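J.: Sequence:
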Amino acid sequence: MVRIWIACLALVLSVMAVGGFISADSEAVAEIPAQVTDTVKKLAGDAKFEVEKKTSKKKTFYVAEWKSDDSEHEVLLDGDGKLLREEQGVKAEAVPAKVRESAAKLLGAEATIKWDKITIHAEGGAKVVYDADSGKKEITLNEAGILVDDDDDDEDEDDEDEDDDDEDDDDEDDDDD
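The sequence shown begins at 1 in our numbering and counts up by one.
Source of the hints: derived by calculation from the structure; they are not laboratory data.
There could be a bad hint or two in this list.
As the list claims (entries may be wrong) - Straight-line alpha carbon distances no greater than 27 angstroms define the calculated BS3-like cross-link-like pairs of lysine-lysine that follow: (1) Lys-98 <-> Lys-42; (2) Lys-67 <-> Lys-105; (3) Lys-58 <-> Lys-82; (4) Lys-136 <-> Lys-105; (5) Lys-82 <-> Lys-98; (6) Lys-41 <-> Lys-98; (7) Lys-98 <-> Lys-114; (8) Lys-137 <-> Lys-91; (9) Lys-127 <-> Lys-67; (10) Lys-117 <-> Lys-54; (11) Lys-59 <-> Lys-91; (12) Lys-67 <-> Lys-137; (13) Lys-117 <-> Lys-127; (14) Lys-137 <-> Lys-117; (15) Lys-53 <-> Lys-127; (16) Lys-41 <-> Lys-127; (17) Lys-114 <-> Lys-54; (18) Lys-127 <-> Lys-91; (19) Lys-127 <-> Lys-57.
This one's a predicted model, so the numbers in the text were calculated from it and none came from an experiment.
Make a model of the complete structure from these sequences and hints.
T.: The structure is reproduced here in structure tokens:
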């Protein structure tokens, strides 16, 4: 079951990696389906929001962002306005004690942690995980405090460089033919 949720989380994060920006105040709003803007308006209330159109594997998704009460919000919706993922910045007090304890062990007791609560909506129900970002390292923990993703910022940059190198290697292989 954990693997299914990790796969869902990976899909959602990959969808968020590609896209074009559309401001809710611009004329391009007409390109955003009404169902999407209706859902975002219900969630954001009076807050000003921005919507980004994203495409992944021939599917179109929409990411909306807004701020309210000193908290940042981000949601991922499909073209029908169905909520797929919610992310909200939260204070440490709103994070379960088990999650805070695990993060302190993994990131260091002295680390200053920025918390995000992520709710992934799937057919089987909603699943909540917490992102803990120390500035040097970001981890994702489930509600029981178990590590489900370890995202080291330095490793991401290295991975991108490796991907570029792989493409160069492919080009070199083509020259050998």
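J.: What are the numbers of the hints the structure violates, in ascending order?
T.: Violated hints (numbers, rising): 1, 2, 5, 6, 11; every other hint is consistent with the structure.
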